[in-house]
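K.L.:
Chain by chain, the residues run as shown.
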Amino acid sequence: MKRGRTGLKSQCQIFPSLGERAKRPKWMTPAQDWGNLPHHVVLQIFQHLSLVDRARASSVCRCWNDVFHTPDLWRKFEFELNQPATSYLRSTHPDLIQQIIKKHAQHLQYVSFKVDSCTESAEAACDILSQLVNCTIKTLGLISTARPSFMDVSQAHFVSALTVVFVNSKSLSSIRIDDTPVDDPSLKVLVANNSDTLKLLKMSSCPHVSPAGILCVADQCHGLRELALNYHLLSDELLLALSSEKHVHLEHLRIDVVSENPGQTHFHTIKRSSWEALIRHSPKVNIVMYFFLYEEEFEPFFCEETPVTHLYFGRAVSKMMLGRIGLNCPRLVELVVCANGIEPLDEELIRIAERCKSLTAIGLGECEVTCSGFVEFVKMCGGRLTQLSIMEEVLIPDSSYNIEQIHSEVSKHLGRMWFPDMMPTW
Amino acid sequence: MVINTIHWFRKGLRLHDNPSLKDSIQGSDTLRCIYILDPWFAGSSNVGINRWRFLLHCLEDLDASLRKLNSRLFVIRGQPTDVFPRLFKEWQINRLSYEYDSEPFGKERDAAIQKLANEAGVEVTVRISHTLYNLDKIIELNGSQPPLTYKRFQAVINRMNAVEMPAETITSEVLKNCVTPISEEHDEKFGVPSLEELGFETEGLTTAVWPGGETEALMRLERHLERKAWVANFERPRMNANSLLASPTGLSPYLRFGCLSCRLFYFKLTDLYRKVKKNHTPPLSLYGQLLWREFFYTTATNNPCFDKMDGNPICVQIPWDRNPEALAKWAEGRTGFPWIDAIMTQLRQEGWIHHLARHGVACFLTRGDLWISWEEGMKVFEELLLDADWSVNAGSWMWLSCSSFFQQFFHCYCPVGFGRRTDPNGDFIRSARHFMKGFPAKYIYDPWNAPDEVQKAAKCIIGVHYPKPMVNHAEASRINIERMKQIYQQLSCYRGLGMDHLWHFNHDDSLPSVPGNRMDTGNTSPKRNEAVINTPAFPAVQLQLVYEKSCVFGAKLELSSHHLNPIYMVTD
Numbered sequence: 001m002k003r004g005r006t007g008l009k010s011q012c013q014i015f016p017s018l019g020e021r022a023k024r025p026k027w028m029t030p031a032q033d034w035g036n037l038p039h040h041v042v043l044q045i046f047q048h049l050s051l052v053d054r055a056r057a058s059s060v061c062r063c064w065n066d067v068f069h070t071p072d073l074w075r076k077f078e079f080e081l082n083q084p085a086t087s088y089l090r091s092t093h094p095d096l097i098q099q100i101i102k103k104h105a106q107h108l109q110y111v112s113f114k115v116d117s118c119t120e121s122a123e124a125a126c127d128i129l130s131q132l133v134n135c136t137i138k139t140l141g142l143i144s145t146a147r148p149s150f151m152d153v154s155q156a157h158f159v160s161a162l163t164v165v166f167v168n169s170k171s172l173s174s175i176r177i178d179d180t181p182v183d184d185p186s187l188k189v190l191v192a193n194n195s196d197t198l199k200l201l202k203m204s205s206c207p208h209v210s211p212a213g214i215l216c217v218a219d220q221c222h223g224l225r226e227l228a229l230n231y232h233l234l235s236d237e238l239l240l241a242l243s244s245e246k247h248v249h250l251e252h253l254r255i256d257v258v259s260e261n262p263g264q265t266h267f268h269t270i271k272r273s274s275w276e277a278l279i280r281h282s283p284k285v286n287i288v289m290y291f292f293l294y295e296e297e298f299e300p301f302f303c304e305e306t307p308v309t310h311l312y313f314g315r316a317v318s319k320m321m322l323g324r325i326g327l328n329c330p331r332l333v334e335l336v337v338c339a340n341g342i343e344p345l346d347e348e349l350i351r352i353a354e355r356c357k358s359l360t361a362i363g364l365g366e367c368e369v370t371c372s373g374f375v376e377f378v379k380m381c382g383g384r385l386t387q388l389s390i391m392e393e394v395l396i397p398d399s400s401y402n403i404e405q406i407h408s409e410v411s412k413h414l415g416r417m418w419f420p421d422m423m424p425t426w
Numbered sequence: 001m002v003i004n005t006i007h008w009f010r011k012g013l014r015l016h017d018n019p020s021l022k023d024s025i026q027g028s029d030t031l032r033c034i035y036i037l038d039p040w041f042a043g044s045s046n047v048g049i050n051r052w053r054f055l056l057h058c059l060e061d062l063d064a065s066l067r068k069l070n071s072r073l074f075v076i077r078g079q080p081t082d083v084f085p086r087l088f089k090e091w092q093i094n095r096l097s098y099e100y101d102s103e104p105f106g107k108e109r110d111a112a113i114q115k116l117a118n119e120a121g122v123e124v125t126v127r128i129s130h131t132l133y134n135l136d137k138i139i140e141l142n143g144s145q146p147p148l149t150y151k152r153f154q155a156v157i158n159r160m161n162a163v164e165m166p167a168e169t170i171t172s173e174v175l176k177n178c179v180t181p182i183s184e185e186h187d188e189k190f191g192v193p194s195l196e197e198l199g200f201e202t203e204g205l206t207t208a209v210w211p212g213g214e215t216e217a218l219m220r221l222e223r224h225l226e227r228k229a230w231v232a233n234f235e236r237p238r239m240n241a242n243s244l245l246a247s248p249t250g251l252s253p254y255l256r257f258g259c260l261s262c263r264l265f266y267f268k269l270t271d272l273y274r275k276v277k278k279n280h281t282p283p284l285s286l287y288g289q290l291l292w293r294e295f296f297y298t299t300a301t302n303n304p305c306f307d308k309m310d311g312n313p314i315c316v317q318i319p320w321d322r323n324p325e326a327l328a329k330w331a332e333g334r335t336g337f338p339w340i341d342a343i344m345t346q347l348r349q350e351g352w353i354h355h356l357a358r359h360g361v362a363c364f365l366t367r368g369d370l371w372i373s374w375e376e377g378m379k380v381f382e383e384l385l386l387d388a389d390w391s392v393n394a395g396s397w398m399w400l401s402c403s404s405f406f407q408q409f410f411h412c413y414c415p416v417g418f419g420r421r422t423d424p425n426g427d428f429i430r431s432a433r434h435f436m437k438g439f440p441a442k443y444i445y446d447p448w449n450a451p452d453e454v455q456k457a458a459k460c461i462i463g464v465h466y467p468k469p470m471v472n473h474a475e476a477s478r479i480n481i482e483r484m485k486q487i488y489q490q491l492s493c494y495r496g497l498g499m500d501h502l503w504h505f506n507h508d509d510s511l512p513s514v515p516g517n518r519m520d521t522g523n524t525s526p527k528r529n530e531a532v533i534n535t536p537a538f539p540a541v542q543l544q545l546v547y548e549k550s551c552v553f554g555a556k557l558e559l560s561s562h563h564l565n566p567i568y569m570v571t572d
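As given, the protein sequences belong to chains X and F, one line each in that order. The opening position of the first sequence corresponds to residue 1 in the UniProt record's numbering, with each subsequent residue numbered one higher. The opening position of the second sequence corresponds to residue 1 in the UniProt record's numbering, with each subsequent residue numbered one higher.
Hints listed in this document are in silico derivations from the structure and should not be mistaken for laboratory results. Don't take each hint at face value.
[To be verified] Distance condition first, Cα-Cα at most 25 Å in a straight line; then the derived DMTMM-like pairs of lysine to aspartate or glutamate:
hint: 1; chain 1: F; residue 1: 277; chain 2: X; residue 2: 398
hint: 2; chain 1: F; residue 1: 277; chain 2: X; residue 2: 393
hint: 3; chain 1: F; residue 1: 228; chain 2: X; residue 2: 152
hint: 4; chain 1: F; residue 1: 442; chain 2: X; residue 2: 343
hint: 5; chain 1: F; residue 1: 442; chain 2: X; residue 2: 296
hint: 6; chain 1: F; residue 1: 442; chain 2: X; residue 2: 295
hint: 7; chain 1: F; residue 1: 228; chain 2: X; residue 2: 404
hint: 8; chain 1: F; residue 1: 68; chain 2: F; residue 2: 82
hint: 9; chain 1: F; residue 1: 442; chain 2: X; residue 2: 368
hint: 10; chain 1: F; residue 1: 468; chain 2: X; residue 2: 152
hint: 11; chain 1: F; residue 1: 485; chain 2: X; residue 2: 421
hint: 12; chain 1: F; residue 1: 151; chain 2: X; residue 2: 409
hint: 13; chain 1: F; residue 1: 442; chain 2: X; residue 2: 299
hint: 14; chain 1: X; residue 1: 246; chain 2: X; residue 2: 236
hint: 15; chain 1: F; residue 1: 437; chain 2: F; residue 2: 310
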């Protein structure tokens, strides 16, 4: 920091240290008084301190106290709301919360709430939200760190708190409200006030929202670049709305496909033409799909070409389904398979290597692949595989390779050292 | 001068490969082998009846073996710092020996005893024989830090000098003229106590599936090697239903208590391999079980907070849920998932479960389903599991909960599917849980899905005779995957914030450490964490390892959205 002494002196006049002169040691000249440090210097130092340390520093003198309350230090805040009975972590101090609401609500721009699994914590978050009246919040995140406790709050209470922010901010660009009881009317309010600025909306597992509700968002918020929702909200109309001329390029679409009970949910299909329209409009879009289904529920998926780029299977997925993916997912970039079974997936993997030319990451959990099949797969993908995460148990030694040899063979084809993932054997 | 020696058994409960004992016998006139039973330990500590029984078996076996050498084992109640000054005086001791204990608590205790010994003019002989190597040398070879990935550990091991040969077994030849003064009241004063004497209720206690002691250990070793030779295959055996049952060749509890020397096991394996495979060099994977144990001992030896999340520099701070009710259901095998419950029942009854079963229940408790802290699971294992010792237990729990060493949290074990794939017929469940016997294989892993007629026929109504499942697994795993992702993304968000100079992208995992992050709830700015992380106690953070290894899936994408709109307060 190069500021001349003159700069230092002139700043001193702005922040007279009243009581400090008396306490100051004789050898200290006014220019060296800590209390007379320029505002921006103290500010920069404070930015390196934790909130707790900053708060302590703020009680040293008025000058530092003023810096502590500089709007710039209050642009971002993460409220942590935990109860000792349900969490090992501490909570943001209630006095601090009060201070923020009183003095800094209007400075807040990037706000998040982290709540534990206790309903009380989620309710406390809602109470704070309801008080953020005079603010220009750009980013809002409601995050459950364990069980989704926002779902236990009364819907009316939650919605009214949330709409306070929606109505007052008028410049919301990023919203993260997964696992909350948000509903269609609140989305309408969001859209009515923030349609020009909204860029990111994450609302996976919001059971009170309907396809019409989300369609309203897509229709009005033409700047929306990132969207995360559940499959039941996905519709042909939604994809077309996101591909309308007025709409910017979509960058990231995340879809969670979750089942309630085996066989109980029937999943609708999305027309191929809707997907094609989306890709035509946004050729670089990442389409991320998380599947948490039982094996028999996969029927409606991947029968036709699907432009998915990142696929995650949280439960068992059948050999047949993996075969379909090889056939119909040419844009695939990442594939994670938690479990398959005890039939080797050699063929399916090789087909994926052949047809998914953009594949760069693959993760295999409880599956089986013969060593030769795996080497073949890696050979075909070559160096484009930046992430290859295979549990050691997945690889079945055969006549060509055993476990010892496989890692050097694979490393050779990847162009870097590679080892399978291991779990400790007691 | 008359030399009176005490050998202090803690672990290392054996007479074979006991170099500290052997060395201290040389030139001794009298020898007394003692075991100190801390009375506080029995009552308040978290050690269950099976573990106590195993220990008592070991002590009885030692006593029997010593009797054959005209000696006896002296079991002494009290705390070491009280016991030793008394014994030094009473028995006029000038020599003390014990096996080196690498665990932080052990080192502290031993330092105190060393001090007492020095003050009393007692010479102390300490030798390493509980681990294959001198752990401090491993750490030194790795740049003064323990290797934090198993691959790195193996690489360092390859560069170490050969494992030392096991010491000669203590026989009457070794003892020579060394005698043990045994009084008539020996059994009363120093005899091995029974479970009842320690205050345990033994009515209804079934015979031990795992009998303790060196004799049993050596017998099992022979059987273990015979079986390997017969199979002529040193590959990891495929998992099947039988693997889940207690094996007569299982060795882990014996290694933990030191009834079996790890070095003896190591050399016997090597010899057998060379014999069967005609002198080929054995691969490191042959010693898998031993090396994992060594790995955890090494990582733990200099970290007194190794068994905690708070204050542990190698443990990711994860916002686990506090839920004693759910924890109890898991610990007592009442989760409603027969696979999990059968495993936990076997654990409680017998004291041992297969390592894949451990993965399954550990994953269920922590990152898979219940989102409860690994420390709680570790405590339950400490109580019930025969081979759980401080380093290995804590280390494995951190590993399995993705709190350290290992970050591929998508590797999740389904409490229904995993069991079904391993043991399709459900025999293991039937053997452990008798009231599941009537269920057909189709529904034994998810009995809540069985139609009413099936449940009636099995005489087991779900919700009445057996609990309903305590979580919806699909929902729980969806939520938990998201939580783990959040945590790892928050770690990876440090990237690109002037910390690039710490980047040493090294694909071969030759990175010395895993990031320590302290999620200080006081809204730390990342630069402040950098200061914390770079203090001497915390080695340079290699975040690249976490970033690249975390979340095969989506981390990079989600990160891109942060550059647009920083939801987390990371960019300054």
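K.L.:
It remains to establish, for every hint, whether it holds in the given structure.
P.N.:
Structure-based check of all given hints:
Of the pairs offered as hints, the one joining residue 277/F and residue 398/X holds, with about 18 Å between alpha carbons and a cut-off of 25 Å not exceeded. Of the pairs offered as hints, the one joining residue 277/F and residue 393/X holds, with about 23 Å between alpha carbons and a cut-off of 25 Å not exceeded. A threshold of 25 Å between alpha carbons decides the hint, and for residue 228/F with residue 152/X the separation of about 56 Å lies outside it, so the pair is violated. Taken as a hint, the residue 442/F and residue 343/X pair is honoured in the structure, with Cα atoms around 19 Å apart against an allowance of 25 Å.
Straight-line distance between C-alpha atoms of residue 442/F and residue 296/X comes to about 15 Å, which keeps the hinted pair within the 25 Å bound. Between residue 442/F and residue 295/X, the direct Cα distance comes to roughly 15 Å. Compliance with the 25 Å bound is thereby established for this hinted pair. About 18 Å separates the Cα atoms of residue 228/F and residue 404/X, which keeps this hinted pair within 25 Å; it holds. Proposed proximity of residue 68/F and residue 82/F is contradicted: the alpha carbons are some 30 Å apart, above 25 Å.
Annotation: proposed proximity of residue 442/F to residue 368/X holds, straight-line Cα distance about 22 Å (limit 25 Å). Restraint check for residue 468/F and residue 152/X: satisfied, since their Cα atoms lie roughly 22 Å apart, inside the 25 Å limit. Distance check on the hinted pair: residue 485/F and residue 421/X sit about 18 Å apart at the alpha-carbon level, within 25 Å; holds. For the suggested pair residue 151/F and residue 409/X, the alpha carbons sit about 17 Å apart, so the restraint of at most 25 Å is met.
Straight-line distance between C-alpha atoms of residue 442/F and residue 299/X comes to about 21 Å, which keeps the hinted pair within the 25 Å bound. A hinted pair counts as satisfied when its Cα atoms are at most 25 Å apart, and residue 246/X with residue 236/X qualifies at roughly 18 Å. With a C-alpha separation of about 44 Å, the suggested pair residue 437/F and residue 310/F falls outside the 25 Å cut-off, and the hint is violated.
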